[in-house]
Amino acid sequence: MPENASKKLSTDTYKGVRDFYPKDMAVQSYIFSTWKKVVEQFGYSEYSASVLEPADLYRAKSGEELINEQTYTFTDRGDREVTLRPEMTPTVARMVASKKRELSFPLRWYSIPNLFRYEQPQRGRLREHWQLNVDLFGVKSLQAEVEVISMAVEILRGFGLTDTQFEVRLNNRKIVNFILNDVLELSADKSHALAKLIDRKAKMSAEDFDKKTEVIVGLKFDLFKTLINSQNFEHFVSALPVPLRAHEGIVETQSVIENLEKLGITNVRFDQTLMRGFDYYTGTIFEVFDTNPDNRRSIFGGGRYDDLLAIFGQEKVPAVGFGAGDVVMKDLLTTYNLLPTTDNQTRLYIAIADESSMGFAQDLAQTLRESGVSVALDYSGKKIGDQIKYADKNKIPFVTVIGASEIASGQFKIKHLETGVEVSTSESEIAQIVNR
RNA sequence: GUGGCUAUGGUGUAGCGGUAGCACACGAGCUUGUGGAGCUCUUUGUCUGGGUUCAACUCCCAGUAGUCACCCCA
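For the first sequence, our numbering assigns the number 257 to the initial residue and increments by one for each residue that follows.
Treat the hints as calculated values from the structure; they're not laboratory data. Any given hint could turn out to be false.
[To be verified] Using 25 angstroms as the maximum straight-line C-alpha spacing, the simulated PhoX-like pairs for lysine-lysine come out as follows:
#1 Lys467 / Lys452
#2 Lys279 / Lys649
#3 Lys355 / Lys396
#4 Lys279 / Lys293
#5 Lys271 / Lys293
#6 Lys651 / Lys638
#7 Lys638 / Lys669
#8 Lys279 / Lys572
#9 Lys355 / Lys572
#10 Lys572 / Lys586
#11 Lys457 / Lys481
#12 Lys293 / Lys518
[As the list claims (entries may be wrong)] Simulated DEER-style distance windows between Cβ atoms:
#13 Leu475 / Gly299: 48 to 56 angstroms
#14 Phe330 / Met460: 58 to 66 angstroms
#15 Arg357 / Val507: 32 to 40 angstroms
#16 Asn691 / Asp642: 22 to 30 angstroms
Computed from a predicted model, the values in this text were never measured in an experiment. Here a beta-carbon is modelled for each residue, glycine too, at the ideal position from N, C-alpha and C.
Make a model of the complete structure from these sequences and hints.
Following this line, the structure appears as structure tokens:
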């Protein structure tokens, strides 16, 4: 025995991660099953992978800072650098690249991985979270982003949200690059600095934003200001010099908006301040937000990343995908009171009147299980009232008591606890009654 | 990683430099085959480690955790 064996261990979880008690797990399962149901309706297949990845996978597109400061990265016993995956896209890109020749495109794939980030935990942002990841590989047409965005919308509708409770914000990396490089003619450094500022625009005062951006933009500040403050897509486009209005990014965005409208998705807004952190996006980028300003984190985020497979030395494959985190999703559903009340999976609780009836009760339970009923038995030997009380507290809907008279008569009283209604029945009818 | 605020039974909360209350939950019971109410009783606590003091749950410092903001963003 070590000397400190008597020292009490803490029951706290590791910083920034959660325990899932049955109650929490029921919520989690509900969220996951709704995600799965919708994406499978769109023909997506589930895949999975290990949480461990070689650290190099994230160096290629994410940069040293992410690896060193925001991931769990360690050296294993064989001197390999290992990272707990902070996002799923590099993993799925690796998987696709690895079997590219034997896969038949387009691929519609999804996964619900747990992801890790070494960051300061806050509400809606923990060190471990689960994320629905949906990707469509091999579709060059803009129908790909239309499908993926409409799937995000269907998921929220599937949870019971109405279209006024959320909105899709849309931008395009081509527009961003074209404004920064061609319209404003900024150097790479300045482009980067300005992009960061635009990303943070909502977090600072208008004066502050103007002051900081003017320094970077210089002579073309007036044009920049008009563009950045345009209230909608039409205004934005009309602020551009005429020859630039037919730019690829503009045309694409226009088309995505129109095609979503055709599908009945109208809560879409062009947002020129939408940037998204990852470097690998090449076209459409989008996020979905709660329209209630209390919840400022994005519910979904994604976009088109046509070049990512190139880092594996493969030909490019057009790809569009998004991610949705469980923490934000749960907060959202809680805000709108859309989480279902959770029932116990057990349908019937068997109370035992006396010790000698136990064997019979166990046989009955086994028979019922074979007919598809979830049954639990009481071994406590307590009074019948206490046994029923237990079932009630644990939200088990039906109770039956097994004792000498039931064994003798073959008739069983099945009590529905919520209504108090009790029906007498034979063994063969129980499954039907209890499973509604 | 930086800064602010916070930390009391399982949960939610009082309190005071002088031996910690309350509510709910949990457990036992209210006489033995039917729950939800009520009543009685029991168990359980000052986050951890230092310091000041005759005395610290209370004041100070550090750590840890939560939370908010920054950073960053899935």
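Now for the hints, and whether the structure bears them out:
| no. | hint | result |
| --- | --- | --- |
| 1 | Lys467 / Lys452 | holds (15 angstroms) |
| 2 | Lys279 / Lys649 | holds (13 angstroms) |
| 3 | Lys355 / Lys396 | holds (20 angstroms) |
| 4 | Lys279 / Lys293 | holds (21 angstroms) |
| 5 | Lys271 / Lys293 | violated (32 angstroms) |
| 6 | Lys651 / Lys638 | holds (19 angstroms) |
| 7 | Lys638 / Lys669 | holds (19 angstroms) |
| 8 | Lys279 / Lys572 | violated (44 angstroms) |
| 9 | Lys355 / Lys572 | holds (14 angstroms) |
| 10 | Lys572 / Lys586 | violated (36 angstroms) |
| 11 | Lys457 / Lys481 | holds (12 angstroms) |
| 12 | Lys293 / Lys518 | holds (23 angstroms) |
| 13 | Leu475 / Gly299: 48 to 56 angstroms | holds (51 angstroms) |
| 14 | Phe330 / Met460: 58 to 66 angstroms | violated (37 angstroms) |
| 15 | Arg357 / Val507: 32 to 40 angstroms | holds (33 angstroms) |
| 16 | Asn691 / Asp642: 22 to 30 angstroms | holds (26 angstroms) |
When each numbered hint is compared with the structure, violations occur for hints 5, 8, 10, 14.
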